[in-house]
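Per the UniProt record's numbering, the very first residue in the sequence shown carries number 1; after that it's consecutive.
To be clear, the hints were calculated from the coordinates, so they are not data collected in a lab.
A hint or two may mislead.
[As the list claims (entries may be wrong)] FRET-style restraints, in silico, Cβ to Cβ:
id, residue 1, residue 2, range
1, S29, I49, 23 to 33 Å
2, S61, E30, 43 to 53 Å
3, T53, F32, 40 to 50 Å
4, S60, K27, 27 to 37 Å
5, R52, E30, 26 to 36 Å
6, E30, R50, 28 to 38 Å
7, S28, S60, 22 to 32 Å
These numbers come from a predicted model, not from an experiment.
Cβ atoms here follow ideal geometry from the backbone N, Cα and C, with glycine treated the same way.
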Amino acid sequence: MVCSSGFQPVENPLIRNSSSANQLLVKSSEIFLTVGMLRAFTAKMRRSIRARTDLMSTLSSCDETNPPP
């Protein structure tokens, strides 16, 4: 059974209708694109966290070497 939106019911989330074939699995290129975007986002977040950690350690070392008068 196919829903009016062109997608299979929820029990088959990776299979959808296509004009060229009755049932077509999600393209591997779509999966690779999604995984690549997730990896890029994760790497960006790691760099951001590392930069904040470096900044905080620099600021705390400045506090230790230059105490207030």
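Quick rundown of the hints versus the structure:
{"no.": "1", "hint": "S29 x I49: 23 to 33 Å", "result": "holds, 30 Å"}
{"no.": "2", "hint": "S61 x E30: 43 to 53 Å", "result": "holds, 47 Å"}
{"no.": "3", "hint": "T53 x F32: 40 to 50 Å", "result": "violated, 31 Å"}
{"no.": "4", "hint": "S60 x K27: 27 to 37 Å", "result": "violated, 49 Å"}
{"no.": "5", "hint": "R52 x E30: 26 to 36 Å", "result": "holds, 33 Å"}
{"no.": "6", "hint": "E30 x R50: 28 to 38 Å", "result": "holds, 31 Å"}
{"no.": "7", "hint": "S28 x S60: 22 to 32 Å", "result": "violated, 47 Å"}
Checked against the numbered hints above, the structure breaks hints 3, 4 and 7 and satisfies the rest.
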